[in-house]
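Protein chains in written order, with the numbering used here: chain A, 1 to 241; chain B, 1 to 107.
Since the hints were derived computationally from the structure, they do not count as laboratory data. Mixed in with the good hints, there may be bad ones.
[Claimed, not checked] Derived CB-CB ranges, DEER-like:
| hint | chain 1 | residue 1 | chain 2 | residue 2 | range |
| --- | --- | --- | --- | --- | --- |
| 1 | A | Gly75 | B | Tyr62 | 41 to 47 angstroms |
| 2 | B | Pro33 | A | Phe50 | 40 to 46 angstroms |
| 3 | B | Gly68 | A | Ala146 | 44 to 50 angstroms |
| 4 | B | Ile10 | A | Arg164 | 24 to 30 angstroms |
| 5 | A | Ile228 | B | Lys86 | 27 to 33 angstroms |
| 6 | A | Tyr136 | B | Leu63 | 45 to 51 angstroms |
Glycine included, every Cβ here is placed at the ideal spot set by N, Cα and C.
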Amino acid sequence: MEKDLTHTLQNPDTVIWKEVLRDCLPITAGVIPFGLTCGIMGSSAGFSTFEITFMSMAVFAGAAQFMSIAMISSGITSWGAIVFTTFLINLRHLLMGASLSPYLLKLSRPLQYILAFGMVDESYALTINRIEKKGYDLYYQLGVSAFLYITWVSSTFLGASFYRNIPNPLEWGIDFALPATFLVLLMPRLADRTALIVCLVSALCAISGALFLPGKWYIIFAAVAATITGGILERGSKDES
Amino acid sequence: MNLKLIFIIIGMALATFLTRIGSQVVFARTGMPVWLEKWLKHVPTAFLTALIVPALLMPRGYLDISFGNSYLLAGIVAAFTAYKTKNVLVTIVVGMGIVIALNRLMI
Chain A
1 MEKDLTHTLQ NPDTVIWKEV LRDCLPITAG VIPFGLTCGI MGSSAGFSTF
51 EITFMSMAVF AGAAQFMSIA MISSGITSWG AIVFTTFLIN LRHLLMGASL
101 SPYLLKLSRP LQYILAFGMV DESYALTINR IEKKGYDLYY QLGVSAFLYI
151 TWVSSTFLGA SFYRNIPNPL EWGIDFALPA TFLVLLMPRL ADRTALIVCL
201 VSALCAISGA LFLPGKWYII FAAVAATITG GILERGSKDE S
Chain B
1 MNLKLIFIII GMALATFLTR IGSQVVFART GMPVWLEKWL KHVPTAFLTA
51 LIVPALLMPR GYLDISFGNS YLLAGIVAAF TAYKTKNVLV TIVVGMGIVI
101 ALNRLMI
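Just chain B, with the same shape it has in the complex (with noise of 0.2 angstroms):
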């Protein structure tokens, strides 16, 4: 077992719990400050979009906009079917099955 790993999870966990737990203790009484609300409301498409974006643009480390680049092309077939279905389960089998497609046919 890795004693710094297990410290990093045990911090990780304590961050987790003090951004679940912090409306709740700092802001009970005052409320949400409005300036606030509309800063934090752009975190998550922020956050999402740069999860994605280097995902599919350089899946080996560097620019690949061509292609040959599977993650690209299912990426781009992914994003329509999120935005059609909103279904997980969908869009993650027909992305990983381009993938899988793809490679086999550029080997």
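So here's chain A without its partners, still in its complex pose (with noise of 0.2 angstroms):
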């Protein structure tokens, strides 16, 4: 099944974006506040309301463009530094494109870069759960992503508009909506015994590098220590059985 990029988008399949709104709907509920989010971290970081939007349009990737703030506000501007970052922080997606290779290699070449391009964790996730109920379709990834982009780049732009007209966001709490987001997609990760020892691994690290580490290191610290402790945990428990 070979398919070509101009055939795909002259040919709109119009009864899969039923299914593609339902989907998405409950996720834009989750999405909306994480971009808004990001507008307003972006512009109290002292983005403009057009660097911050360029950045939800250029890199589509919510983790990594908090941390980037987050770096940046902290005074780490090295671009070295934040590429890398961005870059470990995103290594997952090498995992999600591996599980989508199977129907993503069947494509032609400028959709696989479109479909890498929009493969967030929510569309990822969606598209998995597709596969599994009702089969791949090229169709659903495509309106999925598309949905999802159009969610995060304009919630940032609302978010970074928004963010004048508010005095003082801290005052609001907002910035816990983002330890908020990522304890909902943290909680039903620890479900086995070598899960509970990464978090907490990571927790110490994490806790014991922001005491001792300049800026944002932690993060990294913290992140590679533990995923080093799983790594060893998972080929233990390979060794036993």
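Assembling the complex is the task here: the two chains are given apart, and the hints tell you how they should meet.
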């Protein structure tokens, strides 16, 4: 089923859009506050509305954007440090891409690039869910990606614009939206002993790193230490079985 | 417009795209090595924890484990809410409500 870009975009499947909308709307409720917060945090870190909106349009990766905003506002403005951190944070996409590869590799190159650009945690989760239920559908993944992209960019823009009307966003507790969103993503992951140990190691390293390392480097320290711990534990459990 | 910032954003966009297309380029024919898959599996848990814990335990830059730390109290409630509902909106509303309420009480 070799499909080329022009053919795909000229023949939209109208039926699938209802399914896309139905699946995307609940997730939008989680993405909009995230995007608003991104716009507000970018503005409070000194980004112009254009700059923070451009970041959402070009990067389209929530956690990495928040991290870069935090790094820049804490004084780390080195190109290499921020780009490398972005790369580390987004390494998980390699795995997501690998699991979708059997379906993506049947498509034309331009389509693969477009779908890769739009592959975020939420669109990946919805697409995998669709595959398990009804099989892979190109229009479904395109639709979900486009919907989430438009939501992310416009909510970032609104947050950055709205920011000027809020005297002090921190008094609203808006900075709590970030850990709260991450908690929803984290809690279901803590389902087994290994995950709990990884979480504990990361927490201890993050706190000690935050106390003794400059800027936001504790995040890389904690993530690398905890990931290695998890890898060693996995290897140990494989040897036992 | 800050040109340095624009270059940082373009770099971030390239790095992000690289991670999203990388698997299809590298592992297309060979498949993902099992050992790498096992190691990468824990990256999200490790990162999420590293993002959350200092935000809750040291909101003002120093370690604050006390009832005076509204972020810690709200974080504990939000963790339970997140676990029970798995709903971002509900968790944000509950957590932010507690932070705002506690901050009002303490002022």
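A quick look at each hint next to the structure:
no.	hint	verdict
1	A/Gly75 - B/Tyr62: 41 to 47 angstroms	violated, 18 angstroms
2	B/Pro33 - A/Phe50: 40 to 46 angstroms	holds, 42 angstroms
3	B/Gly68 - A/Ala146: 44 to 50 angstroms	holds, 46 angstroms
4	B/Ile10 - A/Arg164: 24 to 30 angstroms	holds, 26 angstroms
5	A/Ile228 - B/Lys86: 27 to 33 angstroms	holds, 29 angstroms
6	A/Tyr136 - B/Leu63: 45 to 51 angstroms	holds, 48 angstroms
When the structure is compared with the earlier hints, a violation turns up for hint 1 alone.
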